[in-house]
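These protein sequences, in sequence, are chains G and C.
Just so you know, we're using numbering that gives the first Met the number 0 here: the first sequence kicks off at 0 and counts up by one.
Just so you know, we're using numbering that gives the first Met the number 0 here: the second sequence kicks off at 0 and counts up by one.
There are no misleading hints in this set.
Covered by chain G, according to a simulated footprint, are these stretches of chain C (three or more residues, beta-carbon under 8 Å):
no.: 1; segment: 66 to 79
no.: 2; segment: 84 to 93
no.: 3; segment: 101 to 115
No lab work stands behind these hints: they were computed from the structure.
The beta carbon of each residue, even a glycine, is placed where N, CA and C say it ideally should be.
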Amino acid sequence: MKIHAIKYFIRDSAKSIKRNSLMSIASIFSVIAALVILGIFLVIAMNIRHITSDIESKLELKVFLEKGVTEATRTNVEDLLKANSQISEVVFESKDDALNNMSDNLEGYSGILQGLKDDNPLPESFVVKVKDSGNIKAVNDYALTIDGVDYVNYGKTYVDALMKFNEFTNMLSVVVLVILTTISIFIIYNTIKLTVFSRRKEISIMKYVGATNWYIRIPFIIEGSVLGITGALLAVLVVRNVYYYMLGAFSGNTPLLMGATFAPASAVLPTITLYFIIYGVVVGSVGSLFSIRRFLDV
Amino acid sequence: MIRFENVNKTYDKTLHEALSEVNINICEGDFVFVVGKSGAGKTTLIKMILKELEPTDGRILIDQQDITQLKRRKLPYYRRKIGVVFQDFRLLPEKTVYENIAYAMEIVEKKSKEIKERVPQALKLVGLNHRGHYYPEQLSGGEQQRVSIARAIINNPKIIICDEPTGNLDPKTSIGIMKLLKDINESGTTIIMATHDRDIVDRMQARVITLAGGKVISDKKGGYDCEDTCY
Ligand SMILES: Nc1ncnc2c1ncn2[C@@H]1O[C@H](COP(=O)(O)OP(=O)(O)O)[C@@H](O)[C@H]1O
Ligand SMILES: [Mg+2]
Chain G
0 MKIHAIKYFI
10 RDSAKSIKRN
20 SLMSIASIFS
30 VIAALVILGI
40 FLVIAMNIRH
50 ITSDIESKLE
60 LKVFLEKGVT
70 EATRTNVEDL
80 LKANSQISEV
90 VFESKDDALN
100 NMSDNLEGYS
110 GILQGLKDDN
120 PLPESFVVKV
130 KDSGNIKAVN
140 DYALTIDGVD
150 YVNYGKTYVD
160 ALMKFNEFTN
170 MLSVVVLVIL
180 TTISIFIIYN
190 TIKLTVFSRR
200 KEISIMKYVG
210 ATNWYIRIPF
220 IIEGSVLGIT
230 GALLAVLVVR
240 NVYYYMLGAF
250 SGNTPLLMGA
260 TFAPASAVLP
270 TITLYFIIYG
280 VVVGSVGSLF
290 SIRRFLDV
Chain C
0 MIRFENVNKT
10 YDKTLHEALS
20 EVNINICEGD
30 FVFVVGKSGA
40 GKTTLIKMIL
50 KELEPTDGRI
60 LIDQQDITQL
70 KRRKLPYYRR
80 KIGVVFQDFR
90 LLPEKTVYEN
100 IAYAMEIVEK
110 KSKEIKERVP
120 QALKLVGLNH
130 RGHYYPEQLS
140 GGEQQRVSIA
150 RAIINNPKII
160 ICDEPTGNLD
170 PKTSIGIMKL
180 LKDINESGTT
190 IIMATHDRDI
200 VDRMQARVIT
210 LAGGKVISDK
220 KGGYDCEDTC
230 Y
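Produce the entire structure from the sequences given, and follow the hints as far as they go.
Here it is in structure tokens:
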């Protein structure tokens, strides 16, 4: 395939799109429709991921020490915790710290709590932050094996539920992606098939003159990709505006759940744009390839 | 250069043979008519030279090469050796006369410089040098057929195959087309033309292969042998 053939390809694709402008517009719109639906799902999935990772990053374990451990044991526990590569931060909380925290949280009872000061029953602990929330269970198990550790608290049920939910949305967006991709490929396939059908005479002439199958396919693939990308870019605009509108309506930084906020537009939109363009090219070219197959057997 | 060896062709489930035990040998530079009534098997024979159809059995040799063994991938390159002209011209309606001819060169990836040189030459050869910017529908049938002949010869094929090229034209126009084909033949191109137009065949006095019911019933130089006397 020589370079100078490219200008013929572009010329023929442009002509064909113009000639079938109504069908071209129709297929661009179906790509937009599919992508806007897909976009909504992606935005939701990305926000759920954003929120869960936001929450996850705030998750901490509390490693409680046995009553009356020696200074040496305590240092040993701290060293062992810090030595674990999955742990990002270890902060010691003394009996007094624990009591102060409790007083802060239970203001009305601060008097009673202050009475405990001399004979503080609260245990000493280490507050541990984990690098990746997926490892929280492993860190829990690890901490329990250390001498001098009484018990560990990490809100097990809560974390598990959150991770399950995250998995579920990931799976759901894959399913939605597959369904919508199939639908859009089918629509583009039918559009291009109409173009191919109206050009079947031309194709048979090309075959008689000795054009290779790839030479015949390329203008159709370009045509399909142009339709796909145009639909994709317009869908990006729609999703972008809807997202900005939504951020505005919820005034952006309003905490939704446990202090998490919407994912910022700068995190969501570039990814979506990239996905959509890839999607447009793939859907357009695969749809074209399918629709032309039957007409190449001359 | 074109050789049919015991070629049979039966279309899918139909019982009768469209071609039966066909043996032909055509040499380089020949002008050959393939004649016979409608349904005799002329188009089937032509399509097999283009490898648009495969024989049910037998061999077809082009330049000593058995094209029934030719890989599908190689087919486009094989077809570039053959120019085709049809009864219905098969020009692209959205392209001008010039573009229709240039297109055949673009497809085989010729340089634009060469295209700009060759297309006007071909137009001149077929007597349409001032019609380049016309669209096919603005031309008469005879002129359209001239365009399709220009397209068939543009890549200098060694063989030109015509299936009823005068079938849609009046006798006077047909004579002009035949003169053009004869000129092309005289420049060394082998021409095989299927037709059932008696006048044209009689006028040319070339080699005539007569088909009836898929069989070659006569193969000799001269006019259009009457099928009645041949049976
Ligand atoms: N695609 C096809 N399927 C089945 N039979 C066909 C097909 N094409 C041609 N035939 C049959 O083959 C025979 C020869 O046809 P054809 O080669 O077209 O004849 P001609 O061109 O001489 O008129 C006829 O009997 C015709 O009915
Ligand atoms: Mg015929």
